[in-house]
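Asks: Sequence:
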Amino acid sequence: MFLVFASVGFCTAQIPEKIPAFSKFIDMNTGAKFTSDSLNTQHTQVFILFDPGCGHCQELGQGIGKALGKIREDVDFYFISMQEKPLVDGFINMFAKPLKSDKRVKFIYDPEGEFILKFNPKNFPSSYIYEAKSLQIIKQFDGENKAEKLLLYLEKQD
1 MFLVFASVGF
11 CTAQIPEKIP
21 AFSKFIDMNT
31 GAKFTSDSLN
41 TQHTQVFILF
51 DPGCGHCQEL
61 GQGIGKALGK
71 IREDVDFYFI
81 SMQEKPLVDG
91 FINMFAKPLK
101 SDKRVKFIYD
111 PEGEFILKFN
121 PKNFPSSYIY
131 EAKSLQIIKQ
141 FDGENKAEKL
151 LLYLEKQD
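In UniProt numbering, the protein residues as written are 1 to 158.
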């Protein structure tokens with residue numbers, strides 16, 4: 001994986017301003033293909049590239065799990081990993097159990113590294129928040145492990 005990040009790092013790749021089309025992801029719960037056409041465009045989209053063994057990723061998953069009650073119902077999370085389901089299940093069970101049963105959260109398998117090629121992350125975890133309807137980027141984080149930073153863009157308004 002380092003080589004993939006290293007090769008991406010040498011390019012002058014930009015963060016995509018709009019959600020790029022993708023077609024090679026797999027929903028880990030159903031085994032079904034998950035493409036950009038699968039998104040609910042009426043919701044804010046949060047993509048998080050993570051590795052189950054990454055400490056920062058574990059902290060972020062745990063933080064989001066604890067904060068789900070503060071997050072708007074129109075926010076969808078996609079936790080994307082290039083690791084297979086058994087490792088991701090271990091991550092969920094050890095660090096992020098609340099995410100498992102929340103209808104707004106999907107765990108996505110990226111067997112070919114399409115996310116890295118399309119979204120140009122620089123570090124784990126890499127988080128992208130896209131606006132509903134226009135699907136334009138709101139904010140991107142590389143290496144951020146504090147859920148509070150993401151919550152500024154996702155919290156319910158009183």
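Worth flagging that the hints you see were computed from the coordinates, not collected in a lab. A virtual CB, placed ideally from N, CA and C, is assigned to each residue, including glycine. Treat the hints with caution; some may be incorrect.
[To be verified] Simulated DEER-style distance windows between Cβ atoms:
no., residue 1, residue 2, range
1, K156, N40, 17 to 23 Å
2, K100, K33, 31 to 37 Å
3, M94, T41, 18 to 24 Å
4, A32, P86, 27 to 33 Å
5, E155, E112, 31 to 37 Å
6, K146, G53, 17 to 23 Å
7, G31, N93, 25 to 31 Å
8, N93, G69, 30 to 36 Å
9, Q14, K100, 32 to 38 Å
10, M94, K18, 30 to 36 Å
11, Q14, G55, 15 to 21 Å
12, N40, S101, 25 to 31 Å
13, L151, S101, 28 to 34 Å
14, K122, A21, 18 to 24 Å
Asks: If a hint holds in the structure, say so; if it doesn't, say that too.
Replies: Status of each hint after checking the structure:
Distance hint for K156 and N40: a CB-CB separation of about 18 Å, consistent with the stated range 17 to 23 Å. For the pair K100 and K33, the beta carbons lie near 21 Å from each other, so the given range of 31 to 37 Å is not met. Checked against the given bound of 18 to 24 Å, the beta carbons of M94 and T41, roughly 33 Å apart, lie outside it. The hint said 27 to 33 Å for the Cβ distance between A32 and P86, and at roughly 19 Å that hint is violated.
Checked against the given bound of 31 to 37 Å, the beta carbons of E155 and E112, roughly 34 Å apart, stay inside it. Distance hint check for K146 and G53: the Cβ-Cβ separation is about 19 Å, which falls inside the suggested range of 17 to 23 Å. The beta-carbon spacing between G31 and N93, approximately 19 Å, falls outside the hinted interval of 25 to 31 Å. At roughly 20 Å, the beta-carbon separation of N93 and G69 lies outside the given 30 to 36 Å, and the hint is violated.
Between Q14 and K100 the Cβ separation comes to about 34 Å, which falls inside the hinted range of 32 to 38 Å. As the Cβ distance of M94 to K18 is approximately 35 Å, the hint placing it in 30 to 36 Å holds. Taking the beta carbon of each, Q14 and G55 are about 28 Å apart, not inside 15 to 21 Å as hinted. Between N40 and S101 the CB atoms are about 18 Å apart, so this pair departs from the stated range of 25 to 31 Å.
Judged by the Cβ atoms, the range 28 to 34 Å given for L151 and S101 is violated: they are separated by roughly 20 Å. The supplied range of 18 to 24 Å is met by K122 and A21, whose beta-carbon atoms lie about 21 Å from each other.
Hint check: violations occur at hints 2, 3, 4, 7, 8, 11, 12 and 13; the rest are consistent with the structure.
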